[in-house]
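Quick mapping for you: the protein sequence lines, in order, are chains A and B. Numbering-wise (our numbering), the first sequence opens with residue 1 and increments by one. Numbering-wise (our numbering), the second sequence opens with residue 1 and increments by one.
By construction, these hints were calculated from the structure, which means they are not laboratory data. Keep in mind that a hint or two might mislead.
[What the hints assert, rightly or not] Listed below are the simulated DSS-like cross-link pairs for lysine-lysine, each with C-alpha atoms no more than 27 Å apart in a straight line: (1) A:Lys124 - B:Lys57; (2) B:Lys186 - A:Lys81; (3) A:Lys99 - B:Lys179; (4) B:Lys24 - A:Lys140; (5) B:Lys57 - A:Lys102; (6) B:Lys79 - A:Lys140; (7) B:Lys161 - A:Lys124; (8) B:Lys79 - A:Lys144; (9) A:Lys107 - A:Lys81; (10) A:Lys150 - B:Lys24; (11) B:Lys186 - A:Lys100; (12) A:Lys107 - B:Lys57; (13) B:Lys129 - A:Lys149; (14) A:Lys150 - B:Lys129.
[Said to hold, decoys possible] If the Cβ cut is set under 10 Å, some of the chain B residues that face chain A in the computed set are: (15) Leu19; (16) His23; (17) Ala27; (18) Glu50; (19) Val54; (20) Arg58; (21) Thr63; (22) Phe65; (23) Arg85; (24) Asp153; (25) Cys163.
Note that the structure is predicted; figures quoted are calculated from it, not measured. We treat Cβ as the ideally placed atom computed from N, Cα and C, and that holds for glycine.
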Amino acid sequence: MVLNRHPPILKDIHNQNNNNSGGGSSNSPQPPLHVEGLKGALQRHKTSPQTSGSSFNNARSKVVVLEQKVDNLNHVAQMQKMLIHGLQTKCTFLEDCLKKDKTLAFKEDSDNNITLLRAFFDLKQTSPIPADSEPLEGLKGLIKDFSDKKTDSVDLIRQVRGG
Amino acid sequence: MDKIHLIYLDSTVWVSYILEDRHKDKATVLLQRATRDGNKIIVSTLNLLEVVEVIRKRVAEDTSFVGIDEVSKQAIANKISDASRVFIQKITELAQQDRLLIIDPSTALSDYLSSTLQLFVANFGVIDKSDYCFICEKQTRPRYRYLGVGPHDIQHIMNAKDCSANEFITFDKGFLRLKNIFDTDKLTITVQ
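The task is simple: from the sequences and hints, build the whole structure.
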């Protein structure tokens, strides 16, 4: 008979199929194999306890749990990124405010130093400065007549700094 | 208030500009750039002291010797005083025009000096050979010399940092040794 040539597992599946379809002669053409039936047959023919259905379910559960944990951590990481971005934006804003406040404070200090320097060097207060006045022109070459044409600014400052 | 770019010019730049030495063209470009288009110069008292000291030395040393009497000494002192006063006058005028700020660090003196000491000790320079006199322009017998950053170099950079300068510019290549330590995204050190 044809069936006798099939391995026991397929015979098992075939019998299952026949039972499902209301039986049939062993001489009739073989119905197609069902995947689910094959899975079940494989499980029944397994002999090792480690490869039993309960172990497979445990591993599957672990995977599901880990997947959930990964999802949760990704969500937390995303929230942290948004929080950091918000803090950085705030930090930049505060730095700008600080710089503006510092500039105002610097202006105040600078004005005080102007008064001090003019007092030390016995200079008259000249305010307001004419709009077309260019103080840089008055500085350019101020002591060029006292240059020895050899020593440059780096050497002169090194001498002053003791280098 | 618009963003202002603060530039701390080392004393070498100021001296080049008033002396018109070999760096004068660079100094002119720098000073023009630093006082317009949203830029502002920072000058510290240390800058002013160093420049006035150079004025004193240059005027005295370049005056032809006619004798060491009270008249000649007073003449030199008057020349020094005139040049110094013009320098300070023009600096204060630039400050009044809001193109320059005359400011010093707000750090407590003890912390300021402690930082200077720490950086000075941590940055030993190099021992080199010297066998040429650039003033006499002739060969000399070889001798050792020490090249390194001095405490005042360090203090200028500290001043620039403390006054929130964006840029520190100098003609002194010795500052390259400090670039690695101080050059950050907040303060750029430019050695020209």
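Going through the hints against the structure:
no. : hint                : in the structure
1   : A:Lys124 - B:Lys57  : 26 Å, holds
2   : B:Lys186 - A:Lys81  : 25 Å, holds
3   : A:Lys99 - B:Lys179  : 24 Å, holds
4   : B:Lys24 - A:Lys140  : 9 Å, holds
5   : B:Lys57 - A:Lys102  : 36 Å, violated
6   : B:Lys79 - A:Lys140  : 17 Å, holds
7   : B:Lys161 - A:Lys124 : 32 Å, violated
8   : B:Lys79 - A:Lys144  : 13 Å, holds
9   : A:Lys107 - A:Lys81  : 39 Å, violated
10  : A:Lys150 - B:Lys24  : 13 Å, holds
11  : B:Lys186 - A:Lys100 : 15 Å, holds
12  : A:Lys107 - B:Lys57  : 32 Å, violated
13  : B:Lys129 - A:Lys149 : 25 Å, holds
14  : A:Lys150 - B:Lys129 : 21 Å, holds
15  : Leu19               : 5 Å, holds
16  : His23               : 6 Å, holds
17  : Ala27               : 8 Å, holds
18  : Glu50               : 5 Å, holds
19  : Val54               : 5 Å, holds
20  : Arg58               : 4 Å, holds
21  : Thr63               : 8 Å, holds
22  : Phe65               : 14 Å, violated
23  : Arg85               : 5 Å, holds
24  : Asp153              : 7 Å, holds
25  : Cys163              : 7 Å, holds
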